[in-house]
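J.: Top to bottom, those sequences are chains W and G. With the working numbering applied, the first sequence covers 1 to 115. With the working numbering applied, the second sequence covers 1 to 117.
Don't read these hints as lab results, they were simulated from the structure. Each hint should be verified, as a subset may be incorrect.
[What the hints assert, rightly or not] Here are some chain G residues pointing at chain W (derived, C-beta under 7 Å):
no.: 1; residue: Phe39
no.: 2; residue: Pro40
no.: 3; residue: Asn70
no.: 4; residue: Ser73
no.: 5; residue: Leu74
no.: 6; residue: Gln106
[Stated by the list, open to error] Pairs of lysine-lysine residues, derived as DSS-like cross-links and limited to a Cα-Cα distance of at most 27 Å, are as follows:
no.: 7; chain 1: W; residue 1: Lys49; chain 2: G; residue 2: Lys20
no.: 8; chain 1: G; residue 1: Lys20; chain 2: G; residue 2: Lys66
no.: 9; chain 1: G; residue 1: Lys66; chain 2: W; residue 2: Lys42
[Unchecked claim] Over the 10 Å line for every Cβ pair with chain G, so calculated as not near, a few chain W residues:
no.: 10; residue: Asp8
no.: 11; residue: Val13
no.: 12; residue: Thr17
no.: 13; residue: Pro18
no.: 14; residue: Asn41
no.: 15; residue: Leu44
no.: 16; residue: Gln45
no.: 17; residue: Leu46
no.: 18; residue: Lys49
no.: 19; residue: Thr55
no.: 20; residue: Lys68
no.: 21; residue: Lys69
no.: 22; residue: Thr72
no.: 23; residue: Pro79
no.: 24; residue: Asp85
no.: 25; residue: Gly108
Where is the CB? At the ideal position from N, CA and C, for every residue including glycine.
Here are the chains, one letter per residue:
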Amino acid sequence: AQSVTQLDSHVSVSEGTPVLLRCNYSSSYSPSLFWYVQHPNKGLQLLLKYTSAATLVKGINGFEAEFKKSETSFHLTKPSAHMSDAAEYFCVVSDRGYNNNDMRFGAGTRLTVKP
Amino acid sequence: GAVVSQHPSRVICKSGTSVKIECRSLDFQATTMFWYRQFPKKSLMLMATSNEGSKATYEQGVEKDKFLINHASLTLSTLTVTSAHPEDSSFYICSASLLAGSTDTQYFGPGTRLTVL
């Protein structure tokens, strides 16, 4: 079964500095990978997804992620953090080619942005 | 496009009562819907996968008689928490997927916060 590991439970950056949220995955098939953001007491918003096209995926709000098969990683980055980026981020994996499109969530990384 | 709504957004009930949560896909037909539970400061745990017109598939450890799921149409799935107890208090989130039998993006509802007194 597929799984993800988010390597940091909490990341703190200063406004204007780069953001790196790390994610490693495990999958028996060719995976689809997603990053979702959750603001306090809100639902989940899709930031970006990888489904076997370009390995560098650009998402909303200036975020991007690179699929690295050799490293089984899908880290999320942003060149310059904004105060509004403070939220919980989830890395998610789903096995493609498997007749069950359920998604497995990482434990989440809480991003804090300092003024 | 691809908007999913949940109703109610927040519910408080007494122990022993049953609570129904609705999940609707507003602008698309969702062949498959999913129900998740999220504990405070924790990740989402998949509870069950629901396909329109068939019985839901529950994850290991989830009581199907406790959490009744009905997926009567391509735009509506309901989760009923029966005989709710304080330990059932949680944030319940549904999602909907466009395609069956393949991996596709899930679109998430805003969640329902259940508090059982």
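J.: All hints are to be evaluated individually against the structure, with a verdict given for each.
T.: Here's how the hints hold up against the structure:
1. Phe39: For Phe39 (chain G), the interface hint is violated, since the closest Cβ of chain W sits about 11 Å away, which is over 7 Å.
2. Pro40: violated, 11 Å
3. Asn70: violated, 19 Å
4. Ser73: violated, 20 Å
5. Leu74: violated, 16 Å
6. Gln106: Holds - the Cβ of Gln106 (chain G) comes within 7 Å of chain W, reaching about 6 Å at its closest.
7. W:Lys49 x G:Lys20: It is violated: about 32 Å lies between the C-alpha atoms, which goes past 27 Å.
8. G:Lys20 x G:Lys66: holds, 12 Å
9. G:Lys66 x W:Lys42: Status holds; Cα separation ~25 Å.
10. Asp8: The claim holds: Asp8 (chain W) sits with its nearest Cβ about 14 Å from chain G, beyond 10 Å.
11. Val13: holds, 20 Å
12. Thr17: Holds, since 25 Å exceeds 10 Å.
13. Pro18: The assertion about Pro18 (chain W) holds, with a minimum of 25 Å to chain G.
14. Asn41: Since the minimum Cβ distance to chain G is about 8 Å, Asn41 (chain W) lies within 10 Å and the statement is violated.
15. Leu44: The claim is violated: Leu44 (chain W) sits with its nearest Cβ about 4 Å from chain G, within 10 Å.
16. Gln45: Answer for Gln45 (chain W): violated, closest chain G Cβ roughly 8 Å.
17. Leu46: It is violated; Leu46 (chain W) is separated from chain G by about 6 Å at its closest Cβ, not greater than 10 Å.
18. Lys49: violated, 6 Å
19. Thr55: Holds, since 17 Å exceeds 10 Å.
20. Lys68: Label holds. Min Cβ-Cβ 20 Å, cutoff 10 Å.
21. Lys69: holds, 17 Å
22. Thr72: holds, 18 Å
23. Pro79: holds, 25 Å
24. Asp85: Non-interface label stands for Asp85 (chain W): nearest chain G Cβ at 19 Å, farther than 10 Å.
25. Gly108: Nearest chain G Cβ is 5 Å from Gly108 (chain W), so the label is violated.
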